[in-house]
Every structure is written in C-alpha cells, then in structure tokens.
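S.K.: Sequence:
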Amino acid sequence: MSLQIGKAIYDILHSNTDIVAKLQDKIFPLISEQGTTFPFIVYRRTGIIPAYTKDRYSVNDSVTVEIIVASEKYNESVEIADLVRLALEGKRGTYSNI
Numbered sequence: 001m002s003l004q005i006g007k008a009i010y011d012i013l014h015s016n017t018d019i020v021a022k023l024q025d026k027i028f029p030l031i032s033e034q035g036t037t038f039p040f041i042v043y044r045r046t047g048i049i050p051a052y053t054k055d056r057y058s059v060n061d062s063v064t065v066e067i068i069v070a071s072e073k074y075n076e077s078v079e080i081a082d083l084v085r086l087a088l089e090g091k092r093g094t095y096s097n098i
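Following our numbering, the numbering of the sequence shown begins with 1 at its first residue and continues without gaps.
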C-alpha cells in the first residue's frame, strides 16, 4: 500500500478547509497542469524503505514524500507550507482506503 501513499496525501490535503480556501483544487501529483495559476501544491513519493519480518513480509514501510508549495509570494508559500505541515504531521488512520 505504500506505493499508493499519494492517494492518502491528496485526501488529507484536499479535505483541509484552510488549504482548499487558499488553493481550491490545485493539488497535483508529480507535476501541475499546464496553465495552472499560483499558488499550488505538487507532491511526489521519493523513497520507500521496506521493513521486512522474519517471514520475509514487508510491513510498516517507511515512505518519503516531497511536497512543493509554489507561489509568486514568499510569505504566501510559507503560510501554505505551515498549513500543509499541520494537516499532515502525526496523521494516522485510513485515508482513501490506504
């Protein structure tokens, strides 16, 4: 399931009313759509470290995700980045069946 972490990231960010108020629907995996206006978010999975058990099954993989906040204004990008961090930090549970 760790390969599908992007679905959970999108679900968490898109359900956050403060982030949606700033960005509307401008949250993209990998690249933004052509012609997208600022500000927007792009996210991507950058690494997976499997945690194998003695039975050779991988459980509780460690996944690294990069989130880029693009804006024309530095202060706005920092404000959105703070909202993203608050939305994701320490988040546990099931999102988009992930």
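Check the hints yourself; a few may be wrong.
Said to hold, decoys possible - Pairwise CB distance ranges (calculated): (1) 92 <-> 18: 30 to 38 Å; (2) 38 <-> 85: 46 to 54 Å; (3) 20 <-> 53: 14 to 22 Å; (4) 51 <-> 95: 31 to 39 Å; (5) 87 <-> 62: 26 to 34 Å; (6) 73 <-> 93: 32 to 40 Å; (7) 17 <-> 90: 14 to 22 Å.
Simulated from the structure, these hints should not be mistaken for laboratory data. Computed from a predicted structure; not experimentally measured. Note that beta-carbon positions come from the ideal geometry of N, C-alpha and C, so glycine has one too.
S.K.: Against this structure, judge whether each hint is valid.
M.R.: Hint by hint, here is what the structure shows:
The beta-carbon spacing between residue 92 and residue 18, approximately 20 Å, falls outside the hinted interval of 30 to 38 Å. In this structure the supplied range 46 to 54 Å is violated for residue 38 paired with residue 85, their Cβ-Cβ distance being about 19 Å. The hinted range of 14 to 22 Å is not satisfied by residue 20 and residue 53, whose Cβ atoms lie roughly 39 Å apart. A hinted range of 31 to 39 Å for the beta carbons of residue 51 and residue 95 is inconsistent with their spacing of about 20 Å.
Under the hint 26 to 34 Å, the C-beta atoms of residue 87 and residue 62, about 20 Å apart, miss the expected range. A beta carbon spacing of about 33 Å between residue 73 and residue 93 agrees with the range 32 to 40 Å that was offered as a hint. Remark: the range hint 14 to 22 Å for residue 17 to residue 90 is upheld by a beta-carbon distance near 19 Å.
Hint compliance for this structure: hints 1, 2, 3, 4 and 5 are broken, all remaining hints hold.
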